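Visitor: So the chains spell out like this:
2 protein chains.
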Amino acid sequence: MRLSPAAELAVRGVIVLAQHRGEGPLSLKAICEARGLPKQYLVKLFAMLAKADIVTAVRGKGGGFVMARDPADISILEIIEAVEGPVILNFCQHTPPRCRHEQCRLRAVWADLQQTFRRKLGAVSVADCVAAGPASPQPRRK
Amino acid sequence: MRLSPAAELAVRGVIVLAQHRGEGPLSLKAICEARGLPKQYLVKLFAMLAKADIVTAVRGKGGGFVMARDPADISILEIIEAVEGPVILNFCQHTPPRCRHEQCRLRAVWADLQQTFRRKLGAVSVADCVAAGPASPQPRRK
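Residue numbers (this note's numbering), protein chains in the order written: chain L, 89 to 230; chain G, 89 to 230.
Just so you know, these hints were derived from the structure itself, not from any lab. Please note that a few of the clues may not be correct.
Any copy, or any two copies together, can satisfy a pair, since identical chains are not distinguished.
[What the hints assert, rightly or not] Cross-link-like lysine to any residue pairs, in silico, SDA-like; alpha carbons within 20 Å at most:
# : residue 1 : residue 2
1 : K127      : F179
2 : K208      : R193
3 : K117      : M136
4 : K132      : A156
Just so we're clear, the structure is a prediction, and the values are computed from it rather than from any experiment.
Next comes chain L alone, as it looks inside the complex (with noise of 0.2 Å):
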C-alpha cells in the first residue's frame, strides 16, 4: 500500500516547478537537478501533467515548462490522479466492484479510507507546499 513512483516524482517536479514560477519556463533538466529526480521517467510525466493543465510546456529555445495554473488552484490529489488515473484503493472501490460480497464490512471500511484520503490530499494546495518551507536545494525567495 502505497503511493506509486510515478506519483510520487510528479508531486515533486511541480512543486519544484511552482517554488520558480514567474522566473519563466524551467528546463526538465533543472527541474530533475533540483531534487534529483529521474529525467527519463519526468519527460512522461510531465507529458500527462500537460495534458492535465497543471503544467504547460514553452517550446523553442529557452523553452521548458511553466505552471498552467495557480499553485494554489492545484491539489496534490489532482497531481496525484494525472499520472496514477483516479484514485481506487483496492478491489472493493472499484466501479462496479470487483467483488460481489455487498455486506462485507470491508467495502465501508476502504470506501471510507478512499474518501478520507481523497479529502486530505484535495485539501493541500501545490502553493502550501511551496510556500512551507524548501523542496529543493535553491527555492524561489518571497
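Given chain L, put chain G in place with the hints provided.
Guide: Leaving out everything else, chain G in the frame of chain L:
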C-alpha cells in the same frame, strides 16, 4: 495508490478460512475455490501468514490450514502487514525519511494519512468481516 494484490488476496483467503473455523483444516484448493483466488499465489502468501502466526499449516492427509488465533484478535492491518511489510504510504514516511525537506507540508499530511490508515484497518478484525455477511459462496451458517 492502492493495496497490493498480495494483501488483497491474503485478506480474502483469511476471511474464507475464518468462516470455516471449527470445521477442521481447509485445503488451499478449497480456500481458493471459495472465492476464485489464484492458488499458485496463495501458497506463498499462506506461508507468510503462517510465519506471522495468523494461520497454521496442518500437514498430512486431510491437512490444510486452520486459524492460528481467534479471528476477533486478528486485524485486517495485521494481515496486510504480514504480506506487505509495514505500511509506509510514501517516501516521506520512511524512517529516516527519504526526503530531506523537513518543513514540507506534505510530510505532515502523509503522516496523518498513514496514521488514519493504520488506525482504521487496525480496528477491523477478521471476525468483523466474517460476521458481516457472506464472503464465500458457501459460508458457515451460525
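Visitor: For a quick check of understanding: which of the numbered hints are violated here, in increasing order?
Guide: Every hint satisfied by this model.
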